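Here the structure of chain A is known, so what remains is to put chain B in place on it, guided by the hints.
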Amino acid sequence: MDNLRRVTGLPFDDDRMEELLEKYGPMLAEIEKLRTLELKHVFPAVRFDPETAANAGTAVEEEE
Amino acid sequence: MVEEAVWWSLADQLDAISDGSLSAEELAQAYLARIDRLDGDLASFVAVNARSSELGREVDQTVRAGKKVSLLAGALIGAKDNYATKDLPTRAGTEVEDLAFPKDDSFAVGQLRAAGAGIIGKTRMHEFAWGNITPPTRNPWAADYVPGGSSGGSGAAVAAGLCSAALGSDTGGSVRIPAAACGTVGLKPTFGALGRTGIVPHSWSLDHPGPITRNVRDAALLMGALAGRDGCDPSSINVSSTAYVDACTRSLKGRSVGVIRNHFSEGVVPDVARRFDECLAFLKDSGVTVREFDIPSLEYGLAAIFAIELASASAYHDRAVQLGWTKGFQPDVQDLVDMGRFVTAVDYLHAEQIRSVMCTEFAEVLKTVDVIASPTCPITAWPAGQWYVDVNGEEEHVLAASWRFTYPFDLTGMPAISVPAGLDDKGLPIGLQFAGRPFREVDVLSFAAAYERAHDWSARRPPGFD
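Heads up: the sequence lines are chains A and B, in that order.
Heads up: the first sequence begins at 0 in numbering that gives the first Met the number 0, then just goes up one per residue.
Heads up: the second sequence begins at 0 in numbering that gives the first Met the number 0, then just goes up one per residue.
A few of these clues could be false.
Simulated crosslink set (DSBU-like; lysine-lysine; CA at most 30 Å straight-line) [claimed, not checked]:
{"hint": "1", "chain 1": "B", "residue 1": "Lys66", "chain 2": "B", "residue 2": "Lys85"}
{"hint": "2", "chain 1": "B", "residue 1": "Lys283", "chain 2": "B", "residue 2": "Lys252"}
{"hint": "3", "chain 1": "A", "residue 1": "Lys39", "chain 2": "B", "residue 2": "Lys252"}
{"hint": "4", "chain 1": "B", "residue 1": "Lys326", "chain 2": "A", "residue 2": "Lys22"}
{"hint": "5", "chain 1": "B", "residue 1": "Lys283", "chain 2": "B", "residue 2": "Lys366"}
{"hint": "6", "chain 1": "B", "residue 1": "Lys283", "chain 2": "B", "residue 2": "Lys425"}
{"hint": "7", "chain 1": "B", "residue 1": "Lys102", "chain 2": "B", "residue 2": "Lys85"}
{"hint": "8", "chain 1": "A", "residue 1": "Lys22", "chain 2": "A", "residue 2": "Lys32"}
{"hint": "9", "chain 1": "B", "residue 1": "Lys366", "chain 2": "A", "residue 2": "Lys32"}
Here are a few chain B residues that sit away from chain A, every Cβ distance over 12 Å (derived from the structure) [stated by the list, open to error]:
{"hint": "10", "residue": "Asp40"}
{"hint": "11", "residue": "Val289"}
{"hint": "12", "residue": "Gly421"}
{"hint": "13", "residue": "Asp465"}
Don't read these hints as lab results, they were simulated from the structure.
Note that this is a predicted model, so its numbers are computed, not measured.
Ideal Cβ positions, reconstructed from N, Cα and C, are used throughout, including at glycine.
Excised from the complex, chain B in its bound form:
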């Protein structure tokens, strides 16, 4: 049974562990064996916690003793390598040994451990979260394709059945892009909803922690466990709620969705566009009203995120730049970190101003609809080593194309989720995105869960891993 249980949703695993029908120790052993057997080629983990089986044994003993176990007892979560962990090394994807990182558990990892979860290992990331390729991690659906990033290891590990769920972080799309590319669910909650202490920063005002899971209900479950006031994160707000899981059963009838005509409808490859049209047809058939809007400030969105992300990442790494340590970074990351000081303070503040404008425009739209829908990415995963893709006859850089529909919701801080929406003609996953009002994760979860219930995409397994 345990060989099949590695593919169960986290919620089903927890139910079976708590009633004694599934051994947490055996589940841990099964995941560790799969990592040992499959991750040599996939390269989704950079460190594995050999104590996972022991933690599972403790959970089994508690169950056998007839005691109540914690909410996430027996869960085996992969943590992106930028989440500090007291029992596993943290490198944020870098090989520069001079750089030191926190030794204590990050707030999010502490929240998961407090709820009974174990950290099965650290997942590979694009160095310092400054890219969306995550070399050398492969895409489980096609080994020669990238898994997306920067949380590519988390997306690949969940898709390949190597852990119950994983943590990612999203600054311009780094939870949702690998989730879409690997056929998993990725939730980027509202900015401030989840604490960030102990996560190696990339851009302080854009960084969002978030879970990558096999289905929407698991994302809701982890959202509830991760939420809580982080007293060392100036942006943290206490939003503890038990409503997230309940939202996943809500009907769509009588509700409304917005489609943004400009920006989000441009430059979409045909397979993704076709699938999105089918999603809209499904929503209409489900009793949802679809309305169309424009967000004029999106014309300046790329400028805003370039200015804020470049300046912020370079401020974080400034001493490393001055001391010459960035020479040890990967070439693409070194260039981005080294050039951030070219962004002037005035440009940076203009970027923060256009963010305000964008927040106002989205808020106006969300006065009349519950959520906004779009493809998560206008393209699917691309071959490793390829830097340009053909988007309807136009060559576009893969990095520019892949985050085009995700970064607006990092700028606005709105909650957004990616849910699997089928495969393209090459068999690569497509993601559907819902974004909602700040702190209304329940809305995006309910739409994503309703779509998921009516389709079987989340249950599909990549060939060669089942």
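Just chain A, with the same shape it has in the complex:
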């Protein structure tokens, strides 16, 4: 569980991690369907506009 905590960055104890993994199970079962597909020729539906993005990135705050 320590390795999973490190990989995911989740700060929870073992019991909470187990509980979340169990609840995530049905969603993972759906998401796993994506892993069966050959999609290397498909461009992902992400869109980036550098000009507008310059107005949208104002909220980076350092923790005190």
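Leaving out everything else, chain B in the frame of chain A:
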């Protein structure tokens, strides 16, 4: 007269206010009195703007002075609690006090105020828009049933005659599901058509603002007022148009509609299926050609929206997760936010790839038809506290069933509208959905308006609220 005017369409209210036959101040007082009298049990508002009457008085003074008033002068709009407002608190449905939200008006609220509308209050939502129950809001048509969500307060408030119209937001169906469940109209415009600055995010690439209204023309009217370039929203596109309202009078003769055989025709409860068949018969009688299609990628749609929504919502809340603040969330929302980091980056990108495939497949269909029709939801509203419904002998989780026909159009960003299509055998509303080509809101509005003109469902009032 004003007691009846609370039920008028927004367009009729605006016409009467601008010609002086209806007092905007009296309309505001009537809505505030109804909220005071009826919303204790309904629980559709979380904050009410006591200045609404004063704003109405200013509109009346302008009319009496013989001056021209703005397009939406006197309109009283409920704003979902995730739209930031400078004069009302914004909590996005959460009780965690450590979380802060923007203090200025959101872009959409600013657009409405610029057109003369007043915000009568903030409507209740499922916490952070991560669910479609909206506790403790009740369904005006049956108090023990949910109003849908996440914009459940907006759907219930419009259905109960507590405001002229309301704003919602739709990530997997959160405008259209409460609209269908509460017997109102809900429009989810094309992704990018309406600016989102100042709306507390749920999933950046899926969130769509949209109006919930008493009829289709009102949705068109608000669409026109809300549209415009939002310079701080990277997805915003300037689509300002005056064609939306005009589209609501267009004939259906000679036009065409697509029905998707897979996914959209599966697992529909009998009352909803019967009503949809009647809708198709109406369309055929109106001179519409109906064609059938398959969209193979829908097999992966649920996987795609799970991956994108979980990862995006958890990215937004990541500091709250690290700081332990999610312990103050409602248990269902806390679980979803806490687990989003299980979605791998590769899974997320595969989800974005399947979105591309889905967009391509829908685009092919829409080369040959004007719109796609389906029920909005395969079920009607369900009892509060009940998590599973019987769908033709199969038990299905209410959350899985309720968004099955709505989330594909959040993934593809296509415009989609829900229009009332009657009641089931328990007296609960049924919704009919039309989806169209990107930025062709005029097509979905024209089909929904034509259906509405031929039926009186939108004019019906829930018992106990009239």
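For each hint, the structure was consulted:
no.: 1; hint: B:Lys66 to B:Lys85; verdict: holds (27 Å)
no.: 2; hint: B:Lys283 to B:Lys252; verdict: holds (9 Å)
no.: 3; hint: A:Lys39 to B:Lys252; verdict: violated (43 Å)
no.: 4; hint: B:Lys326 to A:Lys22; verdict: holds (17 Å)
no.: 5; hint: B:Lys283 to B:Lys366; verdict: holds (20 Å)
no.: 6; hint: B:Lys283 to B:Lys425; verdict: holds (28 Å)
no.: 7; hint: B:Lys102 to B:Lys85; verdict: holds (5 Å)
no.: 8; hint: A:Lys22 to A:Lys32; verdict: holds (18 Å)
no.: 9; hint: B:Lys366 to A:Lys32; verdict: holds (29 Å)
no.: 10; hint: Asp40; verdict: holds (33 Å)
no.: 11; hint: Val289; verdict: holds (29 Å)
no.: 12; hint: Gly421; verdict: holds (32 Å)
no.: 13; hint: Asp465; verdict: holds (42 Å)
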